[in-house]
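*Asks:* Residues per chain are reported as follows:
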Amino acid sequence: MEQDTYTLETKRREPPEASDRRTGMGDRRKRVDSLLRAALDEPIPGGASLAYVFGSGLLFLFLSQVITGMFLVLYYVPSADHAHTTIAYITKEVTSGAFLRSIHAYGSSAIIIVLLLHVTQTFLYGSYKGRRELLWLAGCVLFALMLGMSFTGYLLPWDQKAYFATTVGTNILTYVPVVGNSLKSLLRGGTDMGTLTLSRFFVLHVFMIPAFIFAFVALHVFLFRRAGAAGPIQGDPEELKRSTETFYPKQVIFDIVFALLIIAGLGLLAHYAPVELGPKANPADTQYVPRPEWYYIPVFQWLKYWESGFAVVGILVIPAFIALLFVALPFLDRRPERRPWKRPVAVSIYAFIFTGLGALGAISHRNDLRDPGIAPQLAKQRAEVEAFMKKPFEPELGGASLIAATVALSNPIAAKGKKVFDQEGCAECHGEDLTGTSAAPTLIGVGDKYDSGKLESVLKQPTDAMTDGGMMPVDLKDEDLKVLIVFLEALK
Amino acid sequence: MKIFREELLARKAADSPREGYDRRRSASSGRRSFLGFLLSAGGASVGALLSVPLLRFVLHPLIRGTIPMSWTEVGSVEELASATEPVKRLVKIEQRDGWRKIVSEKALYVCKDADGQLRAFSSICPHLGCSISWHEERNNFVCPCHNGQFTAEGKLLGGPPPRGMDLLESKVEDGMLMVHYQYFRQLVPNKEVLA
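Top to bottom, those sequences are chains A and B. When we follow the working numbering, the leftmost residue of the first sequence carries the number 1, and every step to the right adds one. When we follow the working numbering, the leftmost residue of the second sequence carries the number 1, and every step to the right adds one.
Where hints are given, some of them may not hold.
Label pairs and their in silico Cβ distance ranges [as the list claims (entries may be wrong)]:
#, chain 1, residue 1, chain 2, residue 2, range
1, A, V66, B, R64, 22 to 30 Å
2, A, G189, B, L49, 37 to 45 Å
3, A, G189, B, S82, 55 to 63 Å
4, B, R64, A, D192, 35 to 43 Å
5, A, S199, B, S33, 28 to 36 Å
6, B, S33, A, A387, 54 to 62 Å
7, A, T437, B, L167, 42 to 50 Å
8, B, V188, A, K449, 44 to 52 Å
9, A, L36, B, I63, 49 to 57 Å
10, B, E137, A, G469, 51 to 59 Å
11, B, R64, A, F331, 21 to 29 Å
12, A, P392, B, A152, 42 to 50 Å
13, B, L49, A, L196, 34 to 42 Å
No lab work stands behind these hints: they were computed from the structure. C-beta atoms are modelled at their ideal positions from N, C-alpha and C, and glycine is treated no differently.
Let the hints inform the model, and build the full structure from the sequences given.
*Replies:* Rendered as structure tokens:
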């Protein structure tokens, strides 16, 4: 039966008509018409089925990601200085920004879910069999590329969870023998995570990986069309042939219905539960407990079980072996049998791996809820995200040298404070632009560090460290001291 | 399987001499094209619906209301009043630039009207927005781009500009001249505030 479905293939290699070379309207129309017919008249043995919607669903989701992604870049800046501000701007201020960003972020999860369904359907139906090795391989490459997309996209908002999850994620490369460290530095653009890492991830996420995805989607669809739809797992060949339907209209309608379900699901989620943004990445935070995106959680849990000596086995050898098994599936399993209940070994291995991953995810979730060392910190992190989301958007001050001027302009009391600051000669040590000199540190951000009470006390009575650095107690009229403090407080 | 293949071949054969093929298809293609129409119309409306958030996202800078600018100090009245001809001054104004807050410098001219009152004019030409400069030797303002000319009181003398130089709101506080810097619409005969 497999072979038979196969021979359907050589069918429509229509020779290029002489008229195609001319570009008259009628010819072009005919060409579009025949292209459309070639696309829509694809025969599906056994008829249309809801089981076949996942492939087109993935294509639809990918296009949605491309479109929303293109629009997000309209406001996003891939630099460690601005990435977080621009995402906060998109999320909190730009019209429909939170919605579009949510469609994009939830879309990546949806792709993983539909991808798993697509792979599972292909596996259970044995649709990789019968000279479909290249089709399967192209699909495997797409799977890897999609995981790459979600990994690189996760860092771009540059908030705490993005930063720390990617720090851990890239550190895994160190397990690779010999070249591990070099690989990590190559990916990060240095030994540490920083603005170069962000640039690299951005380029991978926006240019390189999508280019490969486009190429492999084209290849995957082309190979699929050449091989033809595999059809149901069993049935009398005569019966299947009689019930063969073309792709249009029934399968097209099924595919559209699935796409509409995806749109509705993503739209409702994005509207009622928009994705959040946490506080800006703070590399100095030693308390932060990073967690990857849900679909990486099982792997994350898996890493916990491997201690030093054997780690390379658990973290590289076993996953690489499983991946190889997966990729080589159509070469290892060459029997034409497609019914899953007649393929107990393959199906058991598949079920075992996915149940295992599910179990690992569940264990991780349970640990996070129960571990007294982790649960309160995770709760605190969630509270920090909530708090950050509640704060109104704060625009970035353009250029440190302008901060003092900006502050003075936006608040008349602070403006008076700046005059006091200038008269008292504070700028001699702290710098004209308040960014500090060799004699004294910057004052930008002092308003975040101290409240007005603390500012008053350190001004009147500098700490020992400050005195050692040459800071003198400030002796001012109460009124002047008050406006000076307002000015300093405004230096966020 | 063989029959099926033959059917396909037959269909393909029917494809080349168009007349016979078209006639045979026309019965079922009436229903098909109606469904096709429904699907395209549905697709178009869903597409239109989905493009609403995208459009709103793109148009955000236009939808967003402008932030009122505050009063800015220009200089001491005493000093400005002693000048015999228009004086160019730079003022710092705070602006929102997308996700940034910036301080930018804007040029304006302080002139005296017939009663000797100080008046501040924007240096942006009401024609196409070039910077107007004061020409001492000609005793008038000239816009270098298209040769618009204005008197020392900012009135239009000649050239393409549709109106005279734009007067900025000003006041005197503690002996200092303060202005309320604004942008005005180009190419209209009457002054219209933009931001």
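*Asks:* All hints are to be evaluated individually against the structure, with a verdict given for each.
*Replies:* We went through each hint and held it up to the structure:
| no. | hint | in the structure |
| --- | --- | --- |
| 1 | A:V66 <-> B:R64: 22 to 30 Å | holds (27 Å) |
| 2 | A:G189 <-> B:L49: 37 to 45 Å | holds (41 Å) |
| 3 | A:G189 <-> B:S82: 55 to 63 Å | holds (59 Å) |
| 4 | B:R64 <-> A:D192: 35 to 43 Å | holds (37 Å) |
| 5 | A:S199 <-> B:S33: 28 to 36 Å | violated (51 Å) |
| 6 | B:S33 <-> A:A387: 54 to 62 Å | holds (58 Å) |
| 7 | A:T437 <-> B:L167: 42 to 50 Å | holds (44 Å) |
| 8 | B:V188 <-> A:K449: 44 to 52 Å | holds (50 Å) |
| 9 | A:L36 <-> B:I63: 49 to 57 Å | violated (39 Å) |
| 10 | B:E137 <-> A:G469: 51 to 59 Å | holds (56 Å) |
| 11 | B:R64 <-> A:F331: 21 to 29 Å | violated (58 Å) |
| 12 | A:P392 <-> B:A152: 42 to 50 Å | holds (46 Å) |
| 13 | B:L49 <-> A:L196: 34 to 42 Å | holds (41 Å) |
Going down the numbered hints, you'll see the structure goes against 5, 9, 11, while the others check out.
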